[in-house]
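Colleague: Listed below, chain by chain, are the residues.
There are 2 protein chains.
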Amino acid sequence: MSMSNVSRFIARRVELMRSSEIRELLKIVGSRKVISLAGGLPDPQTFPKEELVRICSKVLMERGDSALQYSPTKGVDEFRYELIKFLSNKGVKVSKDDDLIVTTGSQQALHIIALTLIDPKDYVVMELPSYLGAINAFRLSEPNFIGIPLDDDGMNTDILEVRLRRLYAEGKKVKLLYTIPIAHNPAGVTMSLDRRKHLVELAEKYDFLIVEDDPYSSFTYEPTDTTPLKSLSSSGRVIYVSTLSKILSPGFRIGWIVAHNDIVKEFEKCKQSLDLHTPTFTQYLSAEALRTGIVNSVIEKAKAIYKRKKDVMLEALEDYMVPGCWWSRPVGGLFVMLRLPREDMNTSEMLLDAIEAGVAYVPGASFYVDGSGANTMRLNFSYPKEEQIVEGIKILSNVIKSRLQ
Amino acid sequence: MSMSNVSRFIARRVELMRSSEIRELLKIVGSRKVISLAGGLPDPQTFPKEELVRICSKVLMERGDSALQYSPTKGVDEFRYELIKFLSNKGVKVSKDDDLIVTTGSQQALHIIALTLIDPKDYVVMELPSYLGAINAFRLSEPNFIGIPLDDDGMNTDILEVRLRRLYAEGKKVKLLYTIPIAHNPAGVTMSLDRRKHLVELAEKYDFLIVEDDPYSSFTYEPTDTTPLKSLSSSGRVIYVSTLSKILSPGFRIGWIVAHNDIVKEFEKCKQSLDLHTPTFTQYLSAEALRTGIVNSVIEKAKAIYKRKKDVMLEALEDYMVPGCWWSRPVGGLFVMLRLPREDMNTSEMLLDAIEAGVAYVPGASFYVDGSGANTMRLNFSYPKEEQIVEGIKILSNVIKSRLQ
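Protein chains in written order, with my numbering: chain A, 517 to 921; chain B, 517 to 921.
Check each hint, because a few of them may be wrong.
The list treats identical chains as interchangeable, and a pair is accepted whether it falls inside one copy or across any two copies.
Stated by the list, open to error - Distance condition first, Cα-Cα at most 20 Å in a straight line; then the derived SDA-like pairs of lysine to any residue:
1) K689 / A527
2) K901 / D581
3) K689 / D667
4) K901 / P564
5) K688 / S523
6) K612 / V522
7) K689 / F724
8) K721 / V522
9) K637 / A527
10) K637 / R529
11) K565 / M577
12) K781 / A527
To be clear, the hints were calculated from the coordinates, so they are not data collected in a lab.
Same shape as in the complex, but just chain A (with noise of 0.2 Å):
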């Protein structure tokens, strides 16, 4: 029998997972002559590399047989040990029915929470828009997604309380809500504390979990209350998911959760059988670079970095895009969201032009569940160089213009 067609092998689950838009452009985007405002890449000037030499040749020298052996589930207890610290000192309250799980990249902690929390046709509340990577785990286990809407105070609390009033008459109940709170990717805002409230609220009254994301709270750029909703629950319904790939390097794959410990248990259960654990040598040197204030060191010089590429990202904007769009003022993160001027253009079909033209960026509508947002596209500011960035928008209105006419 022949294998030229292995469709007959493949597993009904697989359908279900749909390539990346984003990671797909950036084969594509990585082999040309492009300017990138895709990705979601930190800049590598804030990669610590000597720092890394000098800490890399410590933990071998002096933790070796350790740091290269196997190491538990839930991750090294003394990284776990810096983690919380390092969340204590932002505000992020972890409590004594509380604990942590290192995972391998916040998307393993999706992937995780996905298997471990989601059954098939769970109703599950999305922002409109969201995050890609957890549309895409969330998706393997077949849930009924819900979108609420964002505006500048991040998504709408009080359109959120009308549908679960809703659902709940009709005998339907929501299971979990994802949510970016503090400086969101793809839309660049943050959740009012008011609305934090209202949410936090909400889950108690209709009893559901809350995931909260948050990889990007070190990146503001207006003053910010950013409590987080973990801290504003006593409950421990709030999973509270973050990386080390913004702040220290996002070759590390390092990760984390913190949730209540039974829900802990769990998730140490199921990531076993995913990988075991994450790798033991980059959980020590991200211990090291914790304790010794390396990463607040890269968060400070990344964060003087990120707002000054925003604001040309920006300038750029108002100087050359066509009449016409709007886009978002990010008060956090790494990202600008861009919508065209008429409600039945797709950025998606004008993307391959886009890169034909010399500039990419990734397409709206997959960051939307509820199948909107085709006429807007996320543009990012942190990897680009400056100059690429006043390029890329220049490029970039021009191929509007030219669709427009």
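Since the structure of chain A is provided, determine the placement of chain B on it from the hints.
Modeller: Same frame as chain A, but now just chain B:
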């Protein structure tokens, strides 16, 4: 509402994930003065710490911007290139229709295979006994397991053929078969070349996939033909899985899969939702360790250490073990299987006594998908020191003796 009972939030499939006895046990053992013959840890003597200090420094200073950054889901190209060269030197045929994807340890390879290829109720053939990590990973997809016994020549392919014929007569079809043909964990046997050929023929005839797990073929202690199933099949139905855990560092969590490129495309799509990619940094370090011959030196050194330790364990068993016990004489790998004299003895029940007395092992039942093996156990000789092996076997023998009285 209270969070005192979180079970209402837990997805049904989590019940399928059993806590691995190996890992639970390691937790207890780590906190007491107990000689551990459980686990499967490499001897830290084999870790090339000084060489890695040099490599870390070189990679960070010369390639730091890439080595600390996000990288492709399929793996870092130059690492994939080094791996293919390494495999080809080992006699593993990577054909032009094949592709290689890097995974976060071989555990993730097994998880990806489970998610991508196994639907609920699919028939999946496992050896009796088999690797616990594979059983756990596959169980998540709720297959029907079929167990085929091993003898000194590996999986008995004649028994397999009879089972296949019977299943097909009933209109049932096997989806895939999982095997560790060389230096089996936990059985220590190697499948004879004739049986390897027979197995490949059966896969052709009955149209199933073979997952060939090969973590230990560098550690064979007798002249052995180690031709992998992958090289015996030209139809692309063998999926080859391996890892650097035993030949460089388990703390790097580096595994990989070689398979037909159409299958690898599906694996890649799946992995994207799991953790985006395996840590970039440890891939760069591993590429350099392969390129500069460090992995080959580790193999030579480790093989000599493990052969000696295996002989020490076999001698200690000869000298001290209770009459009536049977144990394997491993031709490769890191483990000895021990069977107690009576069928009604249960090594799981005996485990706490053993730990109290000062020795740990892995009860055998969890290695058998058919519920047998309760009077067997797995003993590891790669990690404990030689004197600990002797002492551990003496203690174990006394524990068994007191059960027999």
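Colleague: How would you classify K612 and V522 at a CA-CA limit of 20 Å: within, between, both, or neither?
Modeller: Classified as between; 16 Å across copies, 50 Å inside a copy.
Colleague: Could you figure out if K565 and M577 sit no more than 20 Å apart (CA to CA) within one copy, between two copies, both or neither?
Modeller: Classified as both; 18 Å inside a copy, 7 Å across copies.
Colleague: When Cα atoms must be at most 20 Å apart, do K688 and S523 count as within-copy, between-copy, both, or neither?
Modeller: Between copies only: 18 Å across, 36 Å inside.
Colleague: Between copies, within a copy, both or neither: which fits K637 and R529 at Cα up to 20 Å?
Modeller: Both: 14 Å inside a copy, 14 Å across copies.
Colleague: 20 Å Cα cut-off: does K781 pair with A527 within a copy, between copies, both or neither?
Modeller: Answer is between: at 13 Å across copies they meet the 20 Å cutoff, but 28 Å inside does not.
Colleague: Evaluate K901 and D581 at a C-alpha cut-off of 20 Å and name the case that applies: within, between, both or neither.
Modeller: between (41 Å within a copy, 14 Å between copies)
Colleague: When no copy is specified for K721 and V522, does a C-alpha distance of 20 Å or less occur within a copy, between copies, both, or neither?
Modeller: between (49 Å within a copy, 16 Å between copies)
Colleague: Treating 20 Å as the Cα threshold, decide for K901 and P564: within, between, both or neither.
Modeller: within (19 Å within a copy, 39 Å between copies)
Colleague: Under a CA distance limit of 20 Å, which applies to K689 and A527: within one copy, between copies, both, or neither?
Modeller: between (29 Å within a copy, 14 Å between copies)
Colleague: When no copy is named, should K689 and D667 be tagged within, between, both, or neither for a Cα gap of at most 20 Å?
Modeller: Neither way: K689 and D667 sit 25 Å apart in one copy and 53 Å across, limit 20 Å.
Colleague: Up to 20 Å between alpha-carbons, please classify K689 paired with F724: within, between, both or neither.
Modeller: within (8 Å within a copy, 42 Å between copies)
Colleague: Given a CA cutoff of 20 Å, do K637 and A527 count as a within-copy pair, a between-copy pair, both, or neither?
Modeller: Classified as both; 19 Å inside a copy, 11 Å across copies.
In terms of the numbered hints stated before, the structure departs from hint 3 and from no other.
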